[in-house]
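Asker: Work out the full structure: start from the sequences and follow the hints.
There are 2 protein chains.
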Amino acid sequence: MSKASFAITLDSFDLAILRILQRDNSTPQRVIGEAVNLSAPAVQRRIRRMEEAGVIQAHVAIIDPIQVGQAITIFVEVEVISETADLIDAAKREFASVPEVQQCYYVTGEADFVLVVVVPTMSAYEALTRRLFFGNNNVKRFRTFVAMDRVKVGLAVPLPG
Amino acid sequence: MSKASFAITLDSFDLAILRILQRDNSTPQRVIGEAVNLSAPAVQRRIRRMEEAGVIQAHVAIIDPIQVGQAITIFVEVEVISETADLIDAAKREFASVPEVQQCYYVTGEADFVLVVVVPTMSAYEALTRRLFFGNNNVKRFRTFVAMDRVKVGLAVPLPG
DNA sequence: ACTCATACGAAAATATCTTGCACTCAGCCC
DNA sequence: GGGCTGAGTGCAAGATATTTTCGTATGAGT
Chain D
41 MSKASFAITL DSFDLAILRI LQRDNSTPQR VIGEAVNLSA PAVQRRIRRM
91 EEAGVIQAHV AIIDPIQVGQ AITIFVEVEV ISETADLIDA AKREFASVPE
141 VQQCYYVTGE ADFVLVVVVP TMSAYEALTR RLFFGNNNVK RFRTFVAMDR
191 VKVGLAVPLP G
Chain Z
41 MSKASFAITL DSFDLAILRI LQRDNSTPQR VIGEAVNLSA PAVQRRIRRM
91 EEAGVIQAHV AIIDPIQVGQ AITIFVEVEV ISETADLIDA AKREFASVPE
141 VQQCYYVTGE ADFVLVVVVP TMSAYEALTR RLFFGNNNVK RFRTFVAMDR
191 VKVGLAVPLP G
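Top line first, the protein sequences correspond to chains D and Z.
Residue numbers for the first sequence follow our numbering, so the first one is 41 and each next one is one higher.
Residue numbers for the second sequence follow our numbering, so the first one is 41 and each next one is one higher.
The hints are simulated quantities; they were obtained by calculation from the structure and are not laboratory data.
A hint or two may mislead.
The list makes no distinction among identical chains, and a pair is therefore deemed to hold if it is satisfied within one copy or across any two copies.
What the hints assert, rightly or not - Below, in silico cross-link-like pairs of lysine-lysine (DSS-like), each with a Cα-Cα straight-line distance of 27 Å or less:
| no. | residue 1 | residue 2 |
| --- | --- | --- |
| 1 | Lys180 | Lys192 |
| 2 | Lys132 | Lys180 |
| 3 | Lys192 | Lys132 |
Answerer: This is the structure:
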């Protein structure tokens, strides 16, 4: 990994480019250029600069989980027993390493972690809970919320301007 | 939008292609072809087919929210008063229409909705709660979890095989 | 065995991305 | 002012990538 990720300043051109890319990154640079009033090479150079600075973290395809047999999305709130730095870091590493855990946040409030889990069946989820929660003696309690509808799903960030 | 989204069958080539694309969709088709033992046009045709079937829903750039000034990620569990179909649909539409609401799921369990919210400041979040929750008389209660660490963030789906 | 549908690879045709170069415009120092 | 420097631009050419075309192979159904 060589993601430099030092902060850079973004002007309104950059933000306009980001707005387009986070909706559809297969848009040709020529088209982006027309939209923001810049030449294609200028757009290209700005994109590269933002990639190197870590503003753009990745370029990915979004896949419909249902069509690949991962039909169930589940939220889990996890409460741990001990919040020492070591144990928290261990929990972070463990949750992050599980492919079924799509997202994991360490949070304040009534829970310590919130997970978004994607599994093919409820029994797969049950197996996962055994491994991840019952099998971890620092987990005090967890609460499960099964998604009936994925009303809005994305990672698009609201951009100023 | 005319996303047909009828189910298609995916073979192991398709899954291999998806695995690559959901990690880096800027990978050239030629390189994908080498990885999965297919020619570039064959890869291309399979990608197009999966796009048309809705298996691939979008191609997007992932942006670091912190570097664009949206530093705070928040989870919200929302409980509503009345769960009639009309009111639930209205809530879905309202939550989905808000740019700060990055994700919204309609769930079973102790809450009815779970939201992932991205905002620049806590006061922006407070303003949002006024508008979205206090300003909606079908919202019974909501609980806020502020993310201290985005341990793992993505929409990658675990693929069988 | 024949036909049809599907999918493939090779190669040609397009389109896109990338790079080199010359230019402009600010800021800054003498 | 005059002249320098650095950042950023557009244009044009060259390098890659994508898309189309075309001929062929495979397998299912008749």
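Asker: The structure should be examined with respect to each hint, and the outcome stated for every one.
Answerer: Taking the hints in turn, this is what the structure says about them:
1. Lys180 - Lys192: between (31 Å within a copy, 21 Å between copies)
2. Lys132 - Lys180: within (15 Å within a copy, 32 Å between copies)
3. Lys192 - Lys132: both (26 Å within a copy, 9 Å between copies)
When held up to the earlier numbered hints, the structure conflicts with none and fits them all.
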